[in-house]
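*Asks:* Sequence:
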Amino acid sequence: MRTFLLFGAVACLILGTGFLQSWNSALLILNMGLVSAVMALGVNLQWGLAGLFNVGVMGFVALGGLAVVLISMPPVGAAWAAGGGQILLGLVLGAATIVGAVLVWARTLGRVRGWATAAVLLVGLIIYRMVLDPAVDAVESVDPALAGYLGGLGLPVLLAWPVGGLLAAGAAWIIGKTALGLRSDYLAIATLGIAEIVIAILKNEDWMARGVKNVIGLPRPVPYEVDLQNDPAFVERAAGFGLDATTASTLYVKLEYGMLFAVVLITLLVLAQLALKSPWGRMMRAIRDNETAARAMGKDVTARHLQVFILGSAICGIAGAMMTTLDGQLTPGSYQPLRYTFLIWVMVIVGGSGNNLGAVLGGFLIWFLWVQVEPMGQLLMSVITAGLVDGSWLKDHLLDSVQHMRLLTMGLILLLVLRLNPRGLLPEK
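Numbered per our numbering, the sequence shown spans residues 1 to 429.
Worth flagging that the hints you see were computed from the coordinates, not collected in a lab.
All values derive from a computational prediction rather than experimental measurement.
A portion of the hints provided could be inaccurate.
30 Å max Cα-Cα, derived DSS-like pairs, lysine-lysine [said to hold, decoys possible]:
| id | residue 1 | residue 2 |
| --- | --- | --- |
| 1 | K299 | K277 |
| 2 | K277 | K177 |
| 3 | K429 | K299 |
| 4 | K203 | K213 |
| 5 | K177 | K203 |
| 6 | K277 | K429 |
| 7 | K299 | K177 |
Please build the complete structure, drawing on both the sequences and the hints.
*Replies:* Written out as structure tokens, the structure reads:
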């Protein structure tokens, strides 16, 4: 009953936004709430099920966004002719260098091991840069104002969502093989640093996704508003509901996005619930609660941690691809840890870590508050300062402080939940 009441309360908040503000705002909150719920589900799988403190969510979300560009954008023929093949060769050489260094390290002993590994890495790095750098310069010089990158495969954008999950899962495998042996606090530091490295690569490697120049005009899985507005049948149906074509087209597009996102969320939620109640899920919780006892029972704790780390990161990658598709652009400069890591953690903690429905609830609730707190704070400060003289330092200071209401509110909510209900709104059963 508590679950239904809490989800009903969140639904009422979104419906209230539609009635009191606009249905466009309500649907936008709903769509981003669905995406946030998917992200929270991925983090909850790692933390709530296995106790892995992953603070690199932002990096996996960004990789999901990159997948949308690589899959859906058309290839830039001139860029490929200028140096696309050479870039691929350089990447293969870089991967071969890493593999070679690992093999040398594994098959040599003593002092020779370190020197031999360093020699392989040094020679490989020199060859890698000699091959890659000229090709990158050639690609980035091809119409840099509009292109300057290789483009994508020109495939349907919906294919980018599972590919985003696979890309994030691949990165998680690499990270997990090196970092999962660390203690929880060091794991958090490592994942946060690796996420920043991912963002730095996206910002600086223009040949991949135009860097900070952004990729705009990404293909969409839903119709464009202007096409709907030029469709006489759609205009007639909109008039039947008492709506003008412009408003009806924006609502229709947001509803279609919402249905697609809801299908993804429900599918992932069902799979997560099945995993939670399976023998594998019970084993993961046993490892989380007492890792030493699980090892004594013969469980491969490191392998199980790697599994759940990859699965949770893949879900975050899918969410990142969904969000980039909704935005219609990839903007590497907009990825900030506050928004794409710590806010997701607040969703999981407030909703209830270890409970998949709690993570989904937290995703909707915290995103709603994140969007609405600032305008509500603006209204509150306007009422408080109504009696003050215009231009007074106190009034100006209070009105300028409205932009910090989001951070204040998130911190206050987190403190209240941890103090009054540390297991979250929907605790783990």
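*Asks:* Could you work out which of the previously given hints the structure breaks and list their numbers from low to high?
*Replies:* none
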